[in-house]
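Peer 1: Given the sequences, and given the hints that come with them, work out the whole structure.
Same order as they appear, the protein sequences are chains A and B. Just so it is clear: in the first sequence, position 121 is 121 by our numbering, and no numbers are missing. Just so it is clear: in the second sequence, position 68 is 68 by our numbering, and no numbers are missing.
It is possible that some hints are incorrect.
Said to hold, decoys possible - Cross-link-like lysine to aspartate or glutamate pairs, in silico, DMTMM-like; alpha carbons within 25 Å at most:
{"id": "1", "chain 1": "B", "residue 1": "LYS19", "chain 2": "B", "residue 2": "ASP230"}
{"id": "2", "chain 1": "B", "residue 1": "LYS145", "chain 2": "A", "residue 2": "GLU284"}
{"id": "3", "chain 1": "B", "residue 1": "LYS214", "chain 2": "B", "residue 2": "ASP88"}
{"id": "4", "chain 1": "B", "residue 1": "LYS72", "chain 2": "B", "residue 2": "GLU30"}
{"id": "5", "chain 1": "A", "residue 1": "LYS53", "chain 2": "A", "residue 2": "ASP207"}
{"id": "6", "chain 1": "B", "residue 1": "LYS77", "chain 2": "A", "residue 2": "ASP178"}
{"id": "7", "chain 1": "B", "residue 1": "LYS165", "chain 2": "A", "residue 2": "GLU155"}
{"id": "8", "chain 1": "B", "residue 1": "LYS165", "chain 2": "A", "residue 2": "ASP178"}
{"id": "9", "chain 1": "B", "residue 1": "LYS116", "chain 2": "A", "residue 2": "GLU155"}
{"id": "10", "chain 1": "B", "residue 1": "LYS166", "chain 2": "B", "residue 2": "GLU125"}
{"id": "11", "chain 1": "A", "residue 1": "LYS83", "chain 2": "B", "residue 2": "ASP59"}
{"id": "12", "chain 1": "A", "residue 1": "LYS83", "chain 2": "B", "residue 2": "GLU75"}
{"id": "13", "chain 1": "B", "residue 1": "LYS145", "chain 2": "A", "residue 2": "GLU30"}
{"id": "14", "chain 1": "A", "residue 1": "LYS81", "chain 2": "B", "residue 2": "GLU30"}
{"id": "15", "chain 1": "B", "residue 1": "LYS72", "chain 2": "A", "residue 2": "ASP178"}
{"id": "16", "chain 1": "B", "residue 1": "LYS116", "chain 2": "A", "residue 2": "ASP178"}
{"id": "17", "chain 1": "B", "residue 1": "LYS145", "chain 2": "A", "residue 2": "GLU155"}
{"id": "18", "chain 1": "B", "residue 1": "LYS168", "chain 2": "A", "residue 2": "GLU155"}
{"id": "19", "chain 1": "B", "residue 1": "LYS196", "chain 2": "B", "residue 2": "GLU139"}
{"id": "20", "chain 1": "B", "residue 1": "LYS166", "chain 2": "A", "residue 2": "GLU284"}
{"id": "21", "chain 1": "B", "residue 1": "LYS145", "chain 2": "A", "residue 2": "ASP207"}
{"id": "22", "chain 1": "A", "residue 1": "LYS81", "chain 2": "B", "residue 2": "GLU125"}
{"id": "23", "chain 1": "B", "residue 1": "LYS77", "chain 2": "A", "residue 2": "GLU155"}
Hints are computed from structural coordinates only; laboratory data are not their basis. Model, not experiment: these values are computed from the prediction.
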Amino acid sequence: MLEIIKGAVSLGLLWSVMTIGVYISFRILEIADLTVEGSITLGAAIAAQAITKGINPYIATGMALLGGMAAGLATGLLHTKLKIPALLSGILTMIALYSVNLRVLGKASLSLLRMETVYTAFEKIGLESSWAIIALGFISVTVVICFLYWFFGTEIGCAIRATGNNPNMVRAQGINTDTMITIGLVLSNGIVALSGAFIAQNQTFADVQMGTGSIVIGLASVIIGEVLFGKRNYFMRLTSLAMGAITYRIIIAFVLKLGMHSNDLKLFTAITVAIALSLPIIRERLNPPKITIKEGE
Amino acid sequence: MLKIDGIYKVFNPGTVNQKIALRDVSIHLEEGDFVTLIGGNGAGKSTLLNCVAGVYGVDKGTIHIAGTDVTKLPEHKRATMLGRVFQDPMMGTASDMMLEENLALALRRGQPRGLKWGITNRERETYRQMLSRLELGLENRLQTKVGLLSGGQRQAITLLMATIKKPKLLLLDEHTAALDPKTAERVLSMTDQLIKENNLTTMMITHNMRDAIKYGNRLIMMHDGRVILDIKGDEKKKLTVESLLKRFGNASGEEFAYDRTLLS
Chain A
1 MLEIIKGAVS
11 LGLLWSVMTI
21 GVYISFRILE
31 IADLTVEGSI
41 TLGAAIAAQA
51 ITKGINPYIA
61 TGMALLGGMA
71 AGLATGLLHT
81 KLKIPALLSG
91 ILTMIALYSV
101 NLRVLGKASL
111 SLLRMETVYT
121 AFEKIGLESS
131 WAIIALGFIS
141 VTVVICFLYW
151 FFGTEIGCAI
161 RATGNNPNMV
171 RAQGINTDTM
181 ITIGLVLSNG
191 IVALSGAFIA
201 QNQTFADVQM
211 GTGSIVIGLA
221 SVIIGEVLFG
231 KRNYFMRLTS
241 LAMGAITYRI
251 IIAFVLKLGM
261 HSNDLKLFTA
271 ITVAIALSLP
281 IIRERLNPPK
291 ITIKEGE
Chain B
1 MLKIDGIYKV
11 FNPGTVNQKI
21 ALRDVSIHLE
31 EGDFVTLIGG
41 NGAGKSTLLN
51 CVAGVYGVDK
61 GTIHIAGTDV
71 TKLPEHKRAT
81 MLGRVFQDPM
91 MGTASDMMLE
101 ENLALALRRG
111 QPRGLKWGIT
121 NRERETYRQM
131 LSRLELGLEN
141 RLQTKVGLLS
151 GGQRQAITLL
161 MATIKKPKLL
171 LLDEHTAALD
181 PKTAERVLSM
191 TDQLIKENNL
201 TTMMITHNMR
211 DAIKYGNRLI
221 MMHDGRVILD
231 IKGDEKKKLT
241 VESLLKRFGN
251 ASGEEFAYDR
261 TLLS
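Peer 2: Next comes the structure, spelled out in structure tokens:
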């Protein structure tokens, strides 16, 4: 029991990083960016290939981050410069990345068994492997949250947030919305690829298929976080994303324990997201808002 | 301050829906001119303002703002010289962001934006002072999301944002049309005060003839994509709704028949 929760928390922390990346495109830019399906695998592939080549795992992870940023840039340019709708731009990059990822990996799957990873350093100081994952996951989530809390408070960060909210107003304030959208997508996909690198090193392999459905997992985590942990202030809002990702993993661990076949997981996740996204409408149908009119109004 | 020379704007060129929205429009504004722009639906008023703001490019002619040729500049680059308020109160502000964040975005218009904090404590004091002058009780609601405020409050804020950095040119596109009459009146007098205090060069579209006559030092009437009347100085001061209607008839050869304009 405790083992299951520990496993779910460690996996949840690694996926938290990815969830935060999805949050940037989905909630801040208001774009459903499918690039992440490819960039999470790209991050995994770059890190795995670099580590196999003997590069320091931390540097390899940094390279994965840069690779993801490049993928975000590609989508950003397709969308803003060539005026391809955001959803389609993401799909194009995602499909293109499938080939790129195969090239990077050299084959469909690359094993990292018995190789030094980012977790090795934590194990060396005496942490048992699942605690090493939790420690690294916690540190990286904290760093990413603090970074974003700072970044979205800066002048550029404010401009990006406003762009997702009201691009007309932003242009009227002399801001190039194309640039803001592109920066947002670069950041988002960089973070997603970073997460991919962590996940690959955790599961000790990178697989060309591993990104499939990741956008839905990201969305599920974002929504679970918002529904369960609220969004009182900005810091809480970012923290709720991590909580959402962990909760999602715990839910999955339990339904698997209850006997659900792991092949049905993606169907289960998709249904969860569909229900979560339609919650506002369902809630309104079930109990319509009560209107009270005060006397003399 | 503003020089519009012979601009044309055609929508859907070469199709059955081709519409010539502006035909050879030329307008020169001096610094401090406050022009009210009036005309029926489809006269080209909004198109003209949008062409000046760079929302649309023009098909012919040139536009200079404060001596700079902006004809080919994209919207966000021209914005550094402009203040704009739109008809829709939702258009001018970011509803999910706080009041102070909206003002901070406007305060940095025309400056490069970097990694400094998007808003400083010193600014907040300035915002509080500016907002208290509006007498809408907004000075204590700096952290309120703008989406929770009323249409009138949002237009007042947009007006403040448009003028917080003194613009070379202020463009108002029927900015009181979506408000109730009392609020509209209030926002209009606030507008007038701001323009006078800062000596702002302004173009204001209105569908209300009385307002067009009451405010500003110059009145331009458009019809079918053309400027048909341009009245300034003492002549403008003597205008009445009746005389304006009559002059419209003489200039256009048509009766002025737009209910919205006549009834309001």
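Peer 1: Hints first: check each against the structure and report whether it holds.
Peer 2: Cross-check of the supplied hints:
1. B:LYS19 to B:ASP230: 24 Å, holds
2. B:LYS145 to A:GLU284: 23 Å, holds
3. B:LYS214 to B:ASP88: 23 Å, holds
4. B:LYS72 to B:GLU30: 22 Å, holds
5. A:LYS53 to A:ASP207: At roughly 17 Å apart (the allowed maximum being 25 Å), ASP207 (chain A) and LYS53 (chain A) satisfy the hint.
6. B:LYS77 to A:ASP178: 13 Å, holds
7. B:LYS165 to A:GLU155: Judged against 25 Å, a Cα distance of about 16 Å means the pair holds.
8. B:LYS165 to A:ASP178: Given that 25 Å is the threshold and the Cα spacing comes to 23 Å, the pair holds.
9. B:LYS116 to A:GLU155: Status holds; Cα separation ~6 Å.
10. B:LYS166 to B:GLU125: With Cα atoms ~19 Å apart, LYS166 (chain B) and GLU125 (chain B) stay inside 25 Å; holds.
11. A:LYS83 to B:ASP59: 21 Å, holds
12. A:LYS83 to B:GLU75: Measuring from Cα to Cα gives roughly 16 Å; hence the hint holds.
13. B:LYS145 to A:GLU30: 18 Å, holds
14. A:LYS81 to B:GLU30: 37 Å, violated
15. B:LYS72 to A:ASP178: The hint holds at about 17 Å.
16. B:LYS116 to A:ASP178: 21 Å, holds
17. B:LYS145 to A:GLU155: 18 Å, holds
18. B:LYS168 to A:GLU155: 23 Å, holds
19. B:LYS196 to B:GLU139: Cα-Cα ~23 Å, so holds.
20. B:LYS166 to A:GLU284: 45 Å, violated
21. B:LYS145 to A:ASP207: 44 Å, violated
22. A:LYS81 to B:GLU125: 40 Å, violated
23. B:LYS77 to A:GLU155: 17 Å, holds
Violation of the numbered hints given earlier is confined to hints 14, 20, 21, 22; the remaining hints are satisfied by the structure.
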